[in-house]
Each structure stands twice: as C-alpha cells, then as structure tokens.
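> Since the structure of chain A is already known, use the hints to place chain B on it.
Chains as they are written, first to last, in the numbering used here: chain A, 1256 to 1512; chain B, 17 to 371.
Hints in this document: simulated from the structure, not taken from any laboratory. Source: prediction; values computed, not measured. Be a bit skeptical, because a hint or two may be false.
Residues of chain B placed beyond 12 Å of chain A at every Cβ, according to the derived structure [claimed, not checked]:
id, residue
1, A33
2, S112
3, N223
4, V240
5, Q251
6, E253
7, R285
8, I287
9, R296
10, A304
11, P320
12, A328
13, D334
14, S337
15, G350
16, K352
In silico DSS-like cross-links for lysine-lysine, where the CA-CA straight-line distance does not exceed 30 Å [to be verified]:
id, chain 1, residue 1, chain 2, residue 2
17, B, K282, A, K1429
18, B, K193, A, K1429
19, A, K1434, B, K301
20, A, K1311, B, K260
21, A, K1429, B, K314
22, A, K1462, B, K66
All residues carry an ideal CB built from backbone N, CA and C; glycine is no exception.
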Amino acid sequence: MSAPDPFSSANPFSAGFLKAWVDQAGALQDMFARFADQSAAAMPPSMPPPLLAPWKDFVDRMGMGGFDPAQFLPGAPALGLTREYQETAARLLELSKQFQQRYAEFAQQNAAIMQDAFQLMKKRLDAAPPAAKSPAELYDAWIDCAEGVYYQAAHSDAFARLLAELCNISSAFKVERGKLSEQIARHLDLPSRGEVDSLHRQVRALKDSMRAAAAASARSPSPTGSAGSTKPGRPTRPAKPAKASKPSRKPRKRGKK
Amino acid sequence: MSTATDPLAEMLQSAAAMQESGRAVLRTMLGMGDVEVGTSAKQCVLSDDKIRLFRYSALARSANLKPVLICYAMVNRPYLLDLQPDRSFIRELLLSGLDVYLLDWGYPDGADRFLGLDAYIDGYLRRCVEFVLKEHAIDSLTLLGVCQGGTMSLCYAALYPTQIAQLITMVTPVDFKTPENLLSKWAQHIDVELLTRSGNVSGDFLNLVYLSLMPFRLTQQKYVNLLQLQGDRVQLENFMRMEKWIFDSPDQPATAFREFIQWFFKENRLIRGELTLAGRPVRLKNLAAPVLNIFASKDHLVPPSASIPLGAHIGAQDYQSMEVDAGHIGLYVGGKTRKSVPAAVTSWLQARCKS
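This is chain A alone, in the form it adopts within the complex:
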C-alpha cells in the first residue's frame, strides 16, 4: 500500500500551506506587473494589508462577529422579565457596531499605507531599472518600502488612537459578554466568574497570612531552641527534581497554532 500523498488536496494542512504560498506569489506577480505599468493611475493590487486579517480573526474569536444588527431594533427599550438580558445584548450590539465603524477606518488607513508604499516602490524602481534586480531583491525592496511607510504611519498619533479605540471597544465588549456569562451561570447553578474570583482572593489572603506567620515564627526562637520544623506556606522543594529537558506543561492548547 502506498503512503498517503502529503500534497493531496485531502491533506488540509499541506493544501492550505501551498495555497497560501501560491496566493502570495500570485499577489506579488500582480503587484510587480503593476509596477511595470507606466500609467500614473496604476493602483496597488488587491493584496490585503497584513495587519487587518489578524485583528479581524482576533475579534471574531471573541464573538464580536456573531451579532446580527437585523435581529435588534435600535433604541428599543428593554422590557419585561428578560430586560437585563436585552440591555446587555443591546450594549453588545452597540459595541459591535462601533467596532465595525472603527475597523472600517482602520482598513482605510491601512489601504492608504499600501498605496503610499506602492508609490514609493514605484519611485524607487523608476530611479533604478528593475532589470538590474532579481525577483528576490525586488521583493525585499517592496518589504522595505512597505515597512518604511508603515513605520511612519504607525508612529502617528492618529494611528495610535485608532488602534487604541479598537482595543478599548473590544475590551468593553469582553466585559459585557462576561456579564451575560455571569447571568447564565447563575441560572444554571454553575460557579460564576465572580464566585471563582472571590475564592481566589480568599486563598491568596490565606496564603499571605500563612507566609507572614511562617516568617514571624522563623524570626522568633522556638521554646525548644530550634526554629519551627514545619513552615506552612513556605515555598517547597519538589520531591523529585523536574527532568531537565522537559519544559513545564502548557495548561491549554492554543487553537491558532
């Protein structure tokens, strides 16, 4: 029996991997073809700025993409038994809309960066004929142009403010979503985040007081003349040293890898 073909389309990893490269190569070919176009109106190709997709992916995973504005009546008052849920849902919707607005501005800002980088690259190519450069050099030159333009933009106050707004809106969304989870947990008689937090604080307070007590007992001589043999709360040596080459285990696997 022959081994499975790692490049088969049935292998999602290799298919995605190769497609990403082919797409990238295609976009670059398109872009370099446009550099060869002497028309002043030549626009950069439809290659998305690299910053956008990870941000979109990040907030989608928070659930911000899951709200359909059509399901809600804007400005409708919260009424009846479920009014608390309605209020939370309305706030989530409002934040989702705010995020979409800012994200559109962000996309526009990034498109402008791509456009400026494209123009800069074109200017450089006009100054130095492309024939003198290998494709790899052209690609590196493009990255230099793009990073140079991006660096200037990213240091501007406008960029920093927009980025912060995206971050602040998604943080507020997370807080509201947490309230909803809290309500649901109470209904299902599950431990809520608030209860767990409360327990964490109590455990921490206990540990701190045990450490303080242990430190105090270590300072004062014991009646038998030796320091107390048991020291609760002290850091402990593990019974067996950890194996050298094995790093401590991650508590959870991250989906994105």
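Structure of chain B alone, referenced to chain A:
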C-alpha cells in the same frame, strides 16, 4: 513575448521555482515532528505556585564567581536563552564556569489575575533570590534581568541593594517614553483598566500587538524567505524552534499587567522616582552595585533610547553600557552575538565578582 532578461518573465520563473521550493520545505516539515527547546540539563530547585526556579547543571570547572540568577520577562518563555545547544546564551555561561539559575514565571491563569507587581517582585523574585543566597551561604548574588525581567530586576535591586553583587540588564526598558518606542506610543491611549477588567490579558493579544510592530516582515517576509531554505532540515528546525518560541506567549496576570502598563509605560514612574512597591519607594539611586547594561542597536521592541538612560538614574559608580549590533532576539541567537555577548558578560563578571 518575454525574453530571458524580462523581469516579468523572471518573476514567473521565480514563482514556479517558489512552488517547487515550497513543496521541498513542506516535505521536510511534515517529517520533522516537534522541535526540542531548552535542552540544557537543569533541575527545579524551588517551586512556588506557578513559579519554578531552575538550576543548570555545570558544564565546566567553576569559575568561582557569584551565582547568576536570570530573571526573564513574563510576556514570553525563558527558553529563548537556551533555544538549542548551538544557540544557547545559558549554555555559553555554563561553559564559562558560571553557576546559573533561571526563574521561570510559568503560565499564569485565572487564579493569578489579582497578583500585582508586588507579588511578583517582592514575593516570587525575592523568595528565589533568598533561596539562592541561602543555598550558597552568601549575602549577595548576580542578578541578570532580560527585557521586562530587567525592569523587574532593577526594581528588586533598588529595594534590596545589599543582596545584589552585580546587576546585568539586557534589552531592558528604563525610560518608557522615548520617541522611538512604538509600543509606548500605542499604550498611551489604551484603557488598560478596561482591558484587564475581564481578567488576564491573552498571549494571543500580545502576539497580535508584536506582529503589528512590523507586519510586513513578521507576517509575510519571514515565511517567503523560508522558501529559500530549499528544505534544509537543520535550517527549518532552527526556524521552527524560533516560531514555537515566538507564539508561545503566556497570558498575563491582569493586575500585574495593568500596573506595568500604567506605572511604567504611561506614567514612566521608574525614572521619575515615583514608583512604590510593597509600600516602599523604588529608588534607582539606591542601586550601588556594578551594573552592565546591554542593549541592541536594531531592537524594535525596546529601542536603545529606552535602555541607554539607565546610567543617569542609578547610584552605581561602576556602570558600563554595551551596544550590540543585533535585534531584540538576535542578541541571543544571532550568528556572532550568541557567543560574543555571553563572553562579554563573563569577562565583565570576572573583572568584578570574585566570591
């Protein structure tokens, strides 16, 4: 019709070669399995909640210097310093006869969200320092802080100056508000209280921010360049080790993260002399031990301007700064620096630190 010298034709040929190279890279990667990192032999000598203190096994005759305690940043994993046998800052120190300890902050989770910088610096770090001092029956040791861990080490050394025989800071931010500091510019408008109100800050979010510092290089160019490796297994393994490390970012405990952003990035309290930890002022002027401050000239995370001011704010008479022609990470794993930097550290210690 295109000729052989037509750049567009070349580009097409190159794209075809790229696809072939992509297959070679993929073929090699599929047979590679997981890569090993942090392979130098070490023992866990102290366990305190999620914190582990490791002591590395000696690789050479003792240089008879004070033990070195490495305090790494909380935002990344410390195995960068021992990535692989031929790219290991720690291994080089061991080969010089140093006794090396490493503080591993672990992976904070929801149980750690209320731990502030007090707990990390005046709690965990202090207990690790005290453990090493007791273990060696000495009064002071060498503290080596890396990046954020360097800032934490500075705070510690200012709070407990007599426990520090020498302090080495590597790519450590001290002045958080210099014009080149992009992270700081972005942090100014972020509502960090709101960010941390719903718990720890995810490692994914931090990675997103880091990638955003140089998105074209970090999300595109480095993968395109991978094709140039033509399926070279050794090079691909090196790449994968680094890739593993880059995205292995622990979540950040909410309170400590909030305090770090607010107090350091936004208010620049450390160099303004306004920082208080565990109810005590953190005065850099208290720091009288010799200090070696290493920074990287191409550092995009901690620009040199953020590290250089240290000398002007500490009380130490014996202060030396060292500029390395590298980036934030290249300092430890770069072709030349991976040996020259640990050698410089050892020489500097040997000149000062006979125990």
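> Does the claim that R296/B lies outside the interface with chain A hold up, using a Cβ gap greater than 12 Å?
16 Å, holds
> Confirm or reject the statement that V240/B sits farther than 12 Å, beta carbon to beta carbon, from all of chain A.
Check fails; 7 Å does not lie beyond 12 Å.
> Please verify that the nearest CB of chain A lies beyond 12 Å from A328/B's CB.
Since the minimum Cβ distance to chain A is about 25 Å, A328/B lies beyond 12 Å and the statement holds.
> Per the stated criterion, does the least C-beta distance between S112/B and chain A lie above 12 Å, as a non-interface residue requires?
Nearest chain A Cβ is 19 Å from S112/B, so the label holds.
> Over 12 Å to the closest beta carbon of chain A is the bar; see if A33/B clears it.
Per Cβ check, A33/B is inside 12 Å of chain A; nearest 9 Å; violated.
> If you draw a straight line from the CA of K282/B to the CA of K1429/A, is it 30 Å or shorter?
23 Å, holds
> Holds or violated: K193/B with K1429/A, Cα cutoff 30 Å?
29 Å, holds
> Since G350/B was said not to touch the interface, does its Cβ keep a gap of more than 12 Å from each Cβ of chain A?
Holds, since 19 Å exceeds 12 Å.
> Does the claim that K352/B lies outside the interface with chain A hold up, using a Cβ gap greater than 12 Å?
22 Å, holds
> Mind verifying the non-interface call on D334/B? Its CB should be farther than 12 Å from each CB in chain A.
32 Å, holds
> Does E253/B really sit off the interface, with its C-beta more than 12 Å from all C-beta atoms of chain A?
16 Å, holds
> Would the non-interface assignment of N223/B survive a Cβ cutoff of 12 Å against chain A?
N223/B not clear of chain A: closest Cβ-Cβ about 8 Å, inside 12 Å.
When the structure is compared with the earlier hints, violations turn up for hints 1, 3, 4, 19, 21 and for no others.
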